[in-house]
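Protein sequences appear in the order of chains A and B.
Its first residue numbered 1, the first sequence is counted upward by one per residue in my numbering.
Its first residue numbered 1, the second sequence is counted upward by one per residue in my numbering.
It is possible that some hints are incorrect.
[As the list claims (entries may be wrong)] Among chain B residues calculated to face chain A with C-beta under 8 Å, some are:
#, residue
1, LYS2
2, TYR6
3, GLY41
4, SER76
5, LEU120
6, LYS127
7, GLY143
8, ASP232
9, ALA237
10, PHE307
11, ARG310
12, LEU311
13, ASN314
[Claimed, not checked] Heads up, simulated SDA-like pairs for lysine to any residue below, C-alpha to C-alpha not over 25 Å straight-line:
#, chain 1, residue 1, chain 2, residue 2
14, A, LYS685, B, ALA297
15, B, LYS39, A, GLU23
16, B, LYS39, A, ALA110
17, A, LYS685, B, LEU302
18, A, LYS379, A, ILE632
19, B, LYS2, A, ALA54
20, B, LYS39, A, THR605
21, A, LYS685, B, ASP304
22, B, LYS2, A, PRO256
23, B, LYS2, A, ALA51
24, A, LYS685, B, ARG303
25, B, LYS39, A, PRO256
Simulated from the structure, these hints should not be mistaken for lab results.
Quick reminder that beta carbons are idealized off the backbone N, C-alpha and C, glycines included.
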Amino acid sequence: MSTDPVRLEGREKVTGSARYAAEHTPPGTAYAWPVPATVALGRVLSVDTGAAMAEPGALAVLTHENAPRLKDVEDRTLLVLQNDRVPHRGWYVALAVAETPEAARAMAAAVRVAYAPEEHDAVLTPEHPRLYFPEEANSGIPACRERGDFDGAYARAPVRIDATYTLPGLHNHPMEPHATTARWEDGRLFAHDSCQGATAVQETLAALFGMDKERITVVAEHVGGGFGCKGTPRPQVVLAAMAARHTGRPVKAVLPRAQLAAVVGHRPPLIQRMRLGAGEDGVITALAHEVTTQTSTVREFVEQAAAPSRAMYVSLDSRTTHRVAALDVPSPSWMRAPGEASGMYALECAMDELACAAGVDPVELRVRNDTATYPDSGKPYSSRHLVECLREGARRFGWDARDPRPRSRTEGRLLIGSGVASSFYPVYLMPSSAQAQVTGAGRYRIRVNATDIGTGARTVLAQIAAEALGVAQDLVAVEIGSSALPAAPLAGGSAGTGSWGWAVHKACRTLVGMIDERGGTLPTDGLTATADTGEDIASDPPHAKASFGAQFAEVAVDTDTGEVRLRRLLGVFAAGRVLNARTGRSQFIGGMTMGVGMALMEGSTMDARFGDFAERDLASYHVPACADVRGIEAHWIDEHDPWLNPMGSKGIGEIGIVGTAAAIANAVHHATGVRVRDLPLLPEKLLAGLERPR
Amino acid sequence: MKAFAYTRADDVDGAIAALAASPGGMFLGGGTNLVDLMKLGVASPGLLVDVSRLPLTEIEETPDGGLRIGAGVRNSDLAAHPAVRARYPALSQAVLAGASGQIRNTATTGGNLLQRTRCLYFQDVGKPCNKRVPGSGCPAREGVHRDLAVLGHSAQCVATHPSDMAVALAALDAVVELRGPGGERTVPLCDFHRLPGDEPERDTVVEPAELVLAVRLPAPPAGRSAYRKARDRSSYAFALASVAAALDVRAGRVADVRLAFGGLAHKPWRARVAEGTLRGAPATEESFAEAAEAELAAAEPLRDNAFKVRLARNLAVRVLAGLAAPGEEETGS
Numbered sequence: 001m002s003t004d005p006v007r008l009e010g011r012e013k014v015t016g017s018a019r020y021a022a023e024h025t026p027p028g029t030a031y032a033w034p035v036p037a038t039v040a041l042g043r044v045l046s047v048d049t050g051a052a053m054a055e056p057g058a059l060a061v062l063t064h065e066n067a068p069r070l071k072d073v074e075d076r077t078l079l080v081l082q083n084d085r086v087p088h089r090g091w092y093v094a095l096a097v098a099e100t101p102e103a104a105r106a107m108a109a110a111v112r113v114a115y116a117p118e119e120h121d122a123v124l125t126p127e128h129p130r131l132y133f134p135e136e137a138n139s140g141i142p143a144c145r146e147r148g149d150f151d152g153a154y155a156r157a158p159v160r161i162d163a164t165y166t167l168p169g170l171h172n173h174p175m176e177p178h179a180t181t182a183r184w185e186d187g188r189l190f191a192h193d194s195c196q197g198a199t200a201v202q203e204t205l206a207a208l209f210g211m212d213k214e215r216i217t218v219v220a221e222h223v224g225g226g227f228g229c230k231g232t233p234r235p236q237v238v239l240a241a242m243a244a245r246h247t248g249r250p251v252k253a254v255l256p257r258a259q260l261a262a263v264v265g266h267r268p269p270l271i272q273r274m275r276l277g278a279g280e281d282g283v284i285t286a287l288a289h290e291v292t293t294q295t296s297t298v299r300e301f302v303e304q305a306a307a308p309s310r311a312m313y314v315s316l317d318s319r320t321t322h323r324v325a326a327l328d329v330p331s332p333s334w335m336r337a338p339g340e341a342s343g344m345y346a347l348e349c350a351m352d353e354l355a356c357a358a359g360v361d362p363v364e365l366r367v368r369n370d371t372a373t374y375p376d377s378g379k380p381y382s383s384r385h386l387v388e389c390l391r392e393g394a395r396r397f398g399w400d401a402r403d404p405r406p407r408s409r410t411e412g413r414l415l416i417g418s419g420v421a422s423s424f425y426p427v428y429l430m431p432s433s434a435q436a437q438v439t440g441a442g443r444y445r446i447r448v449n450a451t452d453i454g455t456g457a458r459t460v461l462a463q464i465a466a467e468a469l470g471v472a473q474d475l476v477a478v479e480i481g482s483s484a485l486p487a488a489p490l491a492g493g494s495a496g497t498g499s500w501g502w503a504v505h506k507a508c509r510t511l512v513g514m515i516d517e518r519g520g521t522l523p524t525d526g527l528t529a530t531a532d533t534g535e536d537i538a539s540d541p542p543h544a545k546a547s548f549g550a551q552f553a554e555v556a557v558d559t560d561t562g563e564v565r566l567r568r569l570l571g572v573f574a575a576g577r578v579l580n581a582r583t584g585r586s587q588f589i590g591g592m593t594m595g596v597g598m599a600l601m602e603g604s605t606m607d608a609r610f611g612d613f614a615e616r617d618l619a620s621y622h623v624p625a626c627a628d629v630r631g632i633e634a635h636w637i638d639e640h641d642p643w644l645n646p647m648g649s650k651g652i653g654e655i656g657i658v659g660t661a662a663a664i665a666n667a668v669h670h671a672t673g674v675r676v677r678d679l680p681l682l683p684e685k686l687l688a689g690l691e692r693p694r
Numbered sequence: 001m002k003a004f005a006y007t008r009a010d011d012v013d014g015a016i017a018a019l020a021a022s023p024g025g026m027f028l029g030g031g032t033n034l035v036d037l038m039k040l041g042v043a044s045p046g047l048l049v050d051v052s053r054l055p056l057t058e059i060e061e062t063p064d065g066g067l068r069i070g071a072g073v074r075n076s077d078l079a080a081h082p083a084v085r086a087r088y089p090a091l092s093q094a095v096l097a098g099a100s101g102q103i104r105n106t107a108t109t110g111g112n113l114l115q116r117t118r119c120l121y122f123q124d125v126g127k128p129c130n131k132r133v134p135g136s137g138c139p140a141r142e143g144v145h146r147d148l149a150v151l152g153h154s155a156q157c158v159a160t161h162p163s164d165m166a167v168a169l170a171a172l173d174a175v176v177e178l179r180g181p182g183g184e185r186t187v188p189l190c191d192f193h194r195l196p197g198d199e200p201e202r203d204t205v206v207e208p209a210e211l212v213l214a215v216r217l218p219a220p221p222a223g224r225s226a227y228r229k230a231r232d233r234s235s236y237a238f239a240l241a242s243v244a245a246a247l248d249v250r251a252g253r254v255a256d257v258r259l260a261f262g263g264l265a266h267k268p269w270r271a272r273v274a275e276g277t278l279r280g281a282p283a284t285e286e287s288f289a290e291a292a293e294a295e296l297a298a299a300e301p302l303r304d305n306a307f308k309v310r311l312a313r314n315l316a317v318r319v320l321a322g323l324a325a326p327g328e329e330e331t332g333s
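The following block holds chain A by itself, in its conformation from the complex (with noise of 0.2 Å):
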């Protein structure tokens, strides 16, 4: 296998060639605007369509009185329309369609709508009153674990940690906003829509409109960008097929970015307790992480930030728990590494002050607390080089030259300090089904639902077909991005390539033993071979799997303005078989980029008066620019597991931002002696503590 291919679409996708989901015009296309409510909380009483239809080029104005009825389903963020609950600020009451989006836009600001407030509650606080414990948090885990006796096991600890950490609401913002053209012929449903997963999206539109899934068509080809905001179908399909349905016409909707933080998911805000017991040697015997986060009342969303405290070190006596309340706020989903990505920044920062407290070196506290085994259920890792990565890190890094005490390091007014932290992120596979042709002449098709949303899916399939064939790659062509391929799982959970390579792998396999039957002579129409692996992915099997790296940060640190500046990055990762060494490092740095965002400057900020986030724009959102992210390296240890799939992949989609946030703000804390425990790392939570006598 070539190790480093370009992007198969590369081309098209630089030179404008590539067609995103709005860029698909149907003859007698309508574009769609939705109007957002304008109160917290509350019911609509009425909608005044007149000066909306008075508007040139209008067409229709969908509200919860005319739209069509969709049947319920379990992710109630997508039953726009159907009654006139406003949940939250931003939820969709109406909808405009016009002739052009210019028209569809003003007539969204000529509809009038009259709603009947109620008192709403937008803000969590650590002891909120609506707070419980649910059963599950995200991804099926159970909300509260209890191991032995934490409490005891704490209270003789010799050296202890207490410290709690927040985290602002996050937004996926991704380049391309959601959008779909979506158009009605013949009682089939034909959609393009910007998704992680099109099989996901047809099957959530069959039970929306009590369809076969076999009418409808999803299309997601390319997609620019998702982070999770996409992992789920969003309002946009169904408002796109909506309101095609009532006009007859084939309709585009794009969300306005303005609009997106309110309805297409975040990370929820979250408050961790983190408690580590230790003994004088910084080896763990307690550990409490303790997590309160808001999710909407339109949906249960937890994210399972303690989850990594179940995964990392040793800790016999332990609990971890979620509890969520749920507020008249924009419902949360899933960000990039969801769970993982704080968690982590909780337990890496703990860490970090559990080293300072013992004494002990911050990567040799890590190495001490390695296990070979997942904790929580004592089952041995298949692959585990954390410790390697630590190792390898700290070597490329210089990390040996590093004076550990605070505030050491100066340079002018500038304050040097260098943070480390592990990154983690467990393996998960889903089935999935897939197709391996060859026509006559020995050329290769194959086909498979996956979804290629920037990370180089389309070329890595190529490349374990041209593998498992036998093959060159350029015999190969590759068919993904369409609800009309072989079904396969959604881009998410850095699942894909681990889940659909594995059904590709298999489809190639049993077409060369298909041709092997034949004596190596291909017959003149072809032969087709499908795969399917749900019988391959064991249910309950006998290793815990995951990727593990090491991430070291060295910022400066301006005692004037408290303006922090990332100087390098540096990532060692432990992630099976990294098939594709360019898409590969493109996926680690760019999580990594987007935890440097995390540490230093993203966050949303809940209006309390009006139950919004404030910041609409990518002006305001603050993303790193260039000029943010230097010195950024990725490296990766040659890690062989057999226990993985066919390949011997793990996924590296969201590992890269996984750790980034804590080991910048221990850097931080390092550079400065002050430690601040709620991010992003701004300049007003530095200053204070900078201005002390030098």
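Dock chain B against chain A, hints included.
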């Protein structure tokens, strides 16, 4: 859609006449702010008079040793101009500290002065804002206001002016040339923008159909000048606080000083109190701190932006200390 007429002006008087005849209209320069506001529904002019092709794109030497910068000069061209870089480094640095390369390539000098606040409530038509809809209220005062004003705000408005360029121009004693239906006039840059008071909807003293023709810089002040900005990321973020300063030190004492703050108020904040304190004082960090604190004593921070006062003080001290001690200035991380 909200229809608007568009006309491209061939000459200055034609542009002014076109707008004078159409009260709901606006001049269009680079469009980097106005077009955004139109998309958001914040601005809805009935007529756009495109002034970007007017012959206002030159930077000329003036007889008094200064420069006349045409209103249509693009921000990138202004920052890169050799005379600006050599004689008015604070201005070049300020322009380069703002926006992004793409925006600076399009945005004009006149448009930069006239850009609107980025207060989140001003930009959200779903919420009240006295600047956008007079009398509707100011949620920012009790709401999300970390980025907003600490100086000179009013009960009606706590917005900040977002420009970096204008802060340097304020320190450099620039003068704005205007022409309107009633003729030409000049306004000192420091008087060009207003404090919000009871009329937050008025950002500047520009009258209807008045067009910014140019910004005139007098001969550069003696000594050196510099601009520094603190922000949430390394590029493409508005100032939390910024400082433009020019300083002339003779025999260890401040012979002359110009100081202006950005990001703190509804207008570039020329620090006359600090300047008065400093003239004749020893050019030491202690003097600089004392002067900055004297200026900022007038600050009335809101719940979440008190840090800006300390930040502005520290920036002023660093910039002035850097100007006082050539070669030792800090440029930040």
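Proposed proximity, A/GLU23 with B/LYS39 (alpha carbon, max 25 Å):
Status holds; Cα separation ~20 Å.
Straight-line alpha-carbon gap A/LYS685 to B/ASP304, limit 25 Å
Roughly 11 Å between the alpha carbons, so the hint for A/LYS685 and B/ASP304 holds.
When you check the alpha-carbon spacing of A/LYS685 and B/ARG303, does it fall within 25 Å?
Roughly 14 Å separates the two Cα atoms, so the pair holds.
Pairwise hint evaluation, A/ALA51 against B/LYS2, where the allowed Cα distance is 25 Å at most:
holds (12 Å)
With chain A as the partner, please determine if B/TYR6 meets the hint condition of a C-beta pair closer than 8 Å.
violated (14 Å)
Under the criterion of a CB-CB separation shorter than 8 Å, is B/ARG310 in contact with chain A as hinted?
holds (6 Å)
Would the hint on B/LEU311 be counted as holding, given a Cβ-Cβ threshold of 8 Å to chain A?
holds (6 Å)
Interface hint compliance - B/ASN314 to chain A, C-beta minimum distance less than 8 Å
Holds: closest Cβ of chain A sits about 4 Å from B/ASN314, inside 8 Å.
Quick check on B/ASP232 please, does its C-beta sit within 8 Å of some C-beta on chain A?
holds (5 Å)
With the threshold set at 25 Å, check whether the alpha-carbon distance from B/LYS39 to A/ALA110 stays at or below it.
Measuring from Cα to Cα gives roughly 14 Å; hence the hint holds.
Between the alpha carbons of A/LYS685 and B/ALA297, is the straight-line distance 25 Å or under?
holds (22 Å)
Given the hint that B/LYS39 pairs with A/THR605, does the C-alpha gap stay at or below 25 Å?
Given pair B/LYS39, A/THR605 holds - Cα atoms ~23 Å apart, limit 25 Å.
In this structure, the earlier hints numbered 2, 4, 18 are contradicted, and the remaining ones agree with it.
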